[in-house]
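Number of protein chains: 2
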Amino acid sequence: MPRTISVAALQTSYGEDMQTNIRKTEDLVRQAASRGAQVILPSELFQGPYFCVSQEEKWFGEAYPWREHPCVAAMSPVAAELGVAIPVSIFEREGPHYFNSLVMLDADGRPLGVYRKSHIPDGPGYQEKYYFRPGDTGFKVWDTRFGRVGVGICWDQWYPETARAMMLMGAEVLMYPTAIGSEPHDKELDTADPWRRAMQGHAVSNVVPVVGANRTGTEHATEVGQTFYGSSFIANQRGDLVESLGRDEEGVLVHEFDLDYLDRHRAAWGFFRDRRTDLYGVLTSPRP
Amino acid sequence: MPRTISVAALQTSYGEDMQTNIRKTEDLVRQAASRGAQVILPSELFQGPYFCVSQEEKWFGEAYPWREHPCVAAMSPVAAELGVAIPVSIFEREGPHYFNSLVMLDADGRPLGVYRKSHIPDGPGYQEKYYFRPGDTGFKVWDTRFGRVGVGICWDQWYPETARAMMLMGAEVLMYPTAIGSEPHDKELDTADPWRRAMQGHAVSNVVPVVGANRTGTEHATEVGQTFYGSSFIANQRGDLVESLGRDEEGVLVHEFDLDYLDRHRAAWGFFRDRRTDLYGVLTSPRP
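Here the protein sequences line up with chains A and B, keeping their order. Our numbering puts the last residue of the first sequence at 288; the count rises by one with no breaks. Our numbering puts the last residue of the second sequence at 1288; the count rises by one with no breaks.
Next comes chain A alone, as it looks inside the complex (with noise of 0.2 Å):
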């Protein structure tokens, strides 16, 4: 029988109540288990509305220790209860470091340990540098019960050596956890095609699926407002999209792989056996 791993996207709009926001997200999680999936991604920081839109002192009191966050505390029960897998992105707190994290819960409810996004964006509406420290894990890839699963944050999943770097050590699929949306700035940005494109190259480019979740839904934390475009996928290793929602929508993707055709079909490709290391070295120095 093949290895086959069955993973899903949650796509919905979040408001400031963050138990509000915590069973809206279950409801969704139950809904993608009762259809197969076995890890399942909610989208962004979803304990509150896309607080990074301006700078406000008040929502460092909206941070927590990892273990005892309460989106944590919330999706561990669901998680054991279900016996699916579910990272779960949070606005985290270590003494006075507060970062942008994720915690992997494996399918018994138990966390597999936390990542802290790398990457950390700055412009207008999202405002990220204010509030979250660069992360200091490096990349993590997570031995769940389905499989060796990647994670990135948001900013991370343009970097094709966020990518990259979780495929060499090991990932059989890639999640992105997402808020993105209007650039309050610029009118005329519209950022939902090129988000997709920067995940469709990596999966090319690694053979690999690609599960990006992203928030839907006007909040307005500002005078202008933020419309967050949904678009959350699930694109296959050619970088097809095999499953996906539109800006407004609100649901739940699910899609199968065959984690074995995969691998042979990545080994078939030949990128990892090309690899030249000895040509890279411009990727990895600080001033190049």
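Mixed in with the good hints there might be a few duds.
As the list claims (entries may be wrong) - Here are the in silico distance ranges between beta carbons for each label pair:
(1) B:Asp1143 x A:Thr137: 35 to 43 Å
(2) B:Arg1287 x A:Thr137: 20 to 28 Å
(3) B:Glu1056 x A:Asp258: 33 to 41 Å
(4) A:Asp258 x B:Thr1020: 43 to 51 Å
(5) B:Arg1264 x A:Gly281: 27 to 35 Å
(6) B:Ala1192 x A:Glu57: 48 to 56 Å
(7) A:Glu250 x B:Tyr1261: 33 to 41 Å
Claimed, not checked - Covered stretches of chain A, going by a simulated chain B footprint (3 or more residues, C-beta under 8 Å):
(8) 119 to 126
(9) 159 to 170
(10) 235 to 241
(11) 281 to 287
Note that these hints are calculated values from the structure, not bench results. Glycine is no exception: its CB is placed at the ideal position from the N, C-alpha and C atoms.
Following the hints, position chain B against chain A.
Showing chain B alone in chain A's frame:
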């Protein structure tokens, strides 16, 4: 006045006779130049049929030192006459070594140097490891009269490492001459979409235009035959296919880009600002 660059991709079929192939290429270069193109990209190894479809000793007789290669000798006066830069893909011989190489001719017809394909593929229909020693030049970018251009060769184009390295070396446009088509061992395997997507991904992740030039037509070097799928394109910095050709068309694509705008816009995205070279060690590790 903004600094602009007009780039072109050529798409045609090629046969056994090198002089005919050179003439065909020259005709298309002239068409592109008449439409204002400044850097004009023919497809890979236009000197002959794509001989790598099988392993045959006779083809080693078609390799030449790069300064004396008939394609370089023929294109150099064309570049000078038209005042255009031409990246010329050749089968190169240097003593006992054979390379899949590229000579960049600047707009005065003089060669700026040689790049030797870093990643060499091998698989049914693409027996390149039999012919070519993996390149020893490292990645290169070229200060042409019109801007700094990075050129990878075919298999290089699937590697995010190639694109990123050329960007870190200051490339303002990326180009990839190609010879790719049907997979003789598997009629179901059509790589045209993934081929484009990998490069659209480079465009997005590096905020840079990408030009891909592929040959078209069916060649009969082996019993099965091999059909090249064309699909040449020019992608903008969002990965939009702003110019493209079908599978069987012959012709020329031309597009102009504003390099000053792209320079600012790339900075505003912040991808290069936020790279974590401290976390990328696995990318260059020979045994990760």
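Hints versus structure:
no.: 1; hint: B:Asp1143 x A:Thr137: 35 to 43 Å; result: holds, 40 Å
no.: 2; hint: B:Arg1287 x A:Thr137: 20 to 28 Å; result: holds, 22 Å
no.: 3; hint: B:Glu1056 x A:Asp258: 33 to 41 Å; result: holds, 37 Å
no.: 4; hint: A:Asp258 x B:Thr1020: 43 to 51 Å; result: holds, 46 Å
no.: 5; hint: B:Arg1264 x A:Gly281: 27 to 35 Å; result: holds, 28 Å
no.: 6; hint: B:Ala1192 x A:Glu57: 48 to 56 Å; result: holds, 52 Å
no.: 7; hint: A:Glu250 x B:Tyr1261: 33 to 41 Å; result: holds, 37 Å
no.: 8; hint: 119 to 126; result: holds (count 5)
no.: 9; hint: 159 to 170; result: holds (count 8)
no.: 10; hint: 235 to 241; result: holds (count 3)
no.: 11; hint: 281 to 287; result: holds (count 6)
Hint check: no violations occur; every hint is consistent with the structure.
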